[in-house]
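Could you build all of it, start to finish, from the sequences and the hints given here?
Each protein sequence line maps, in turn, to chains A and B.
So for the first sequence, the numbering used here puts the first residue at 639; every next one is plus one.
So for the second sequence, the numbering used here puts the first residue at 34; every next one is plus one.
Watch out, some of these pointers could steer you wrong.
[As the list claims (entries may be wrong)] Here are the computed lysine-lysine pairs in the DSSO-like style, where the Cα-Cα straight-line distance is at most 27 Å:
#	chain 1	residue 1	chain 2	residue 2
1	B	LYS140	A	LYS700
2	A	LYS698	A	LYS749
3	A	LYS733	A	LYS683
4	A	LYS733	B	LYS140
5	A	LYS683	B	LYS140
6	A	LYS691	B	LYS131
7	A	LYS700	A	LYS667
8	A	LYS700	B	LYS131
9	A	LYS691	A	LYS667
10	B	LYS131	A	LYS733
11	A	LYS698	A	LYS672
12	B	LYS131	A	LYS683
13	B	LYS140	A	LYS691
14	A	LYS749	B	LYS140
Derived by calculation from the structure, the hints in this document are not laboratory data.
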Amino acid sequence: MPAGALQWSGGGRSAAIEMQDVAVIDQPKWPARKAVASPARMSFKMLFEATDKAVTYEDKAKLFRVTGFLANCRMEARVTVPSIGFTWSSDPIDKCPPAAFAVIGNEINGKYYEEETAR
Amino acid sequence: MNRSTYFPSRRGFLAASAAGSAWLMQGGNAWAQAVAGMRSVSDIEPDGPPGPYPIPWLDKNGSHNQPAGPDLEPSHICHFKGRVARCSGFSGSGTDGKNERLLFGTKTTDYGIMDGEYWAARAAQTGTFSHI
Numbered sequence: 639m640p641a642g643a644l645q646w647s648g649g650g651r652s653a654a655i656e657m658q659d660v661a662v663i664d665q666p667k668w669p670a671r672k673a674v675a676s677p678a679r680m681s682f683k684m685l686f687e688a689t690d691k692a693v694t695y696e697d698k699a700k701l702f703r704v705t706g707f708l709a710n711c712r713m714e715a716r717v718t719v720p721s722i723g724f725t726w727s728s729d730p731i732d733k734c735p736p737a738a739f740a741v742i743g744n745e746i747n748g749k750y751y752e753e754e755t756a757r
Numbered sequence: 034m035n036r037s038t039y040f041p042s043r044r045g046f047l048a049a050s051a052a053g054s055a056w057l058m059q060g061g062n063a064w065a066q067a068v069a070g071m072r073s074v075s076d077i078e079p080d081g082p083p084g085p086y087p088i089p090w091l092d093k094n095g096s097h098n099q100p101a102g103p104d105l106e107p108s109h110i111c112h113f114k115g116r117v118a119r120c121s122g123f124s125g126s127g128t129d130g131k132n133e134r135l136l137f138g139t140k141t142t143d144y145g146i147m148d149g150e151y152w153a154a155r156a157a158q159t160g161t162f163s164h165i
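Right, here's the structure in full:
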């Protein structure tokens, strides 16, 4: 990942990630078995901003705890599939609707969760 | 500590295709074990590979992740502590190369960031991962 692609700010209450020409796979028929996959490229920018709604998600059986905030998240993206000459660009980030659900925070799970709860 | 960064393909990740599976299954799945068995002894990492290990109960469909939502774990990595950001339910529109307007997004159009420490190869590793 290029340096600076992911930026946290506001003490972890905001995150911005921006990547250019990430190698991905275009697989329109997924999840069909043996669905044809084509090399593609994706550029995107995504912004998370915490709201004032704090959340804690914890499951002692599944050994995880999340502490953070519900968030607003917007993104813009550009995709190219060279093999079929396809390109697509989303509307600008300020014109795209936010995600229906977003959360930002800190998580601890697995052995780290066990170690912390054993103290 | 080691630091690594991986960016698996979105659909590849979700579909448990080669790219996606390899990303989170470096930790010792049957396929990896079989492949390891075909290598020379000098290629084998004695403490296991340093890549992140998937969360076992997120493997029902071989996808190593689950939708983003209330009370659901954002991380896809087991034995992890760090910052996370997770979202789902994008919808919107855009323009293709022929200037045609195309909608995008579904309830399961999801993204995620995991940035922190995880345990693998019997040591603390650090890395930044994105589910796109």
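The hints, checked one at a time:
{"no.": "1", "hint": "LYS140(B) <-> LYS700(A)", "in the structure": "25 Å, holds"}
{"no.": "2", "hint": "LYS698(A) <-> LYS749(A)", "in the structure": "12 Å, holds"}
{"no.": "3", "hint": "LYS733(A) <-> LYS683(A)", "in the structure": "13 Å, holds"}
{"no.": "4", "hint": "LYS733(A) <-> LYS140(B)", "in the structure": "19 Å, holds"}
{"no.": "5", "hint": "LYS683(A) <-> LYS140(B)", "in the structure": "19 Å, holds"}
{"no.": "6", "hint": "LYS691(A) <-> LYS131(B)", "in the structure": "42 Å, violated"}
{"no.": "7", "hint": "LYS700(A) <-> LYS667(A)", "in the structure": "32 Å, violated"}
{"no.": "8", "hint": "LYS700(A) <-> LYS131(B)", "in the structure": "48 Å, violated"}
{"no.": "9", "hint": "LYS691(A) <-> LYS667(A)", "in the structure": "38 Å, violated"}
{"no.": "10", "hint": "LYS131(B) <-> LYS733(A)", "in the structure": "21 Å, holds"}
{"no.": "11", "hint": "LYS698(A) <-> LYS672(A)", "in the structure": "38 Å, violated"}
{"no.": "12", "hint": "LYS131(B) <-> LYS683(A)", "in the structure": "23 Å, holds"}
{"no.": "13", "hint": "LYS140(B) <-> LYS691(A)", "in the structure": "22 Å, holds"}
{"no.": "14", "hint": "LYS749(A) <-> LYS140(B)", "in the structure": "32 Å, violated"}
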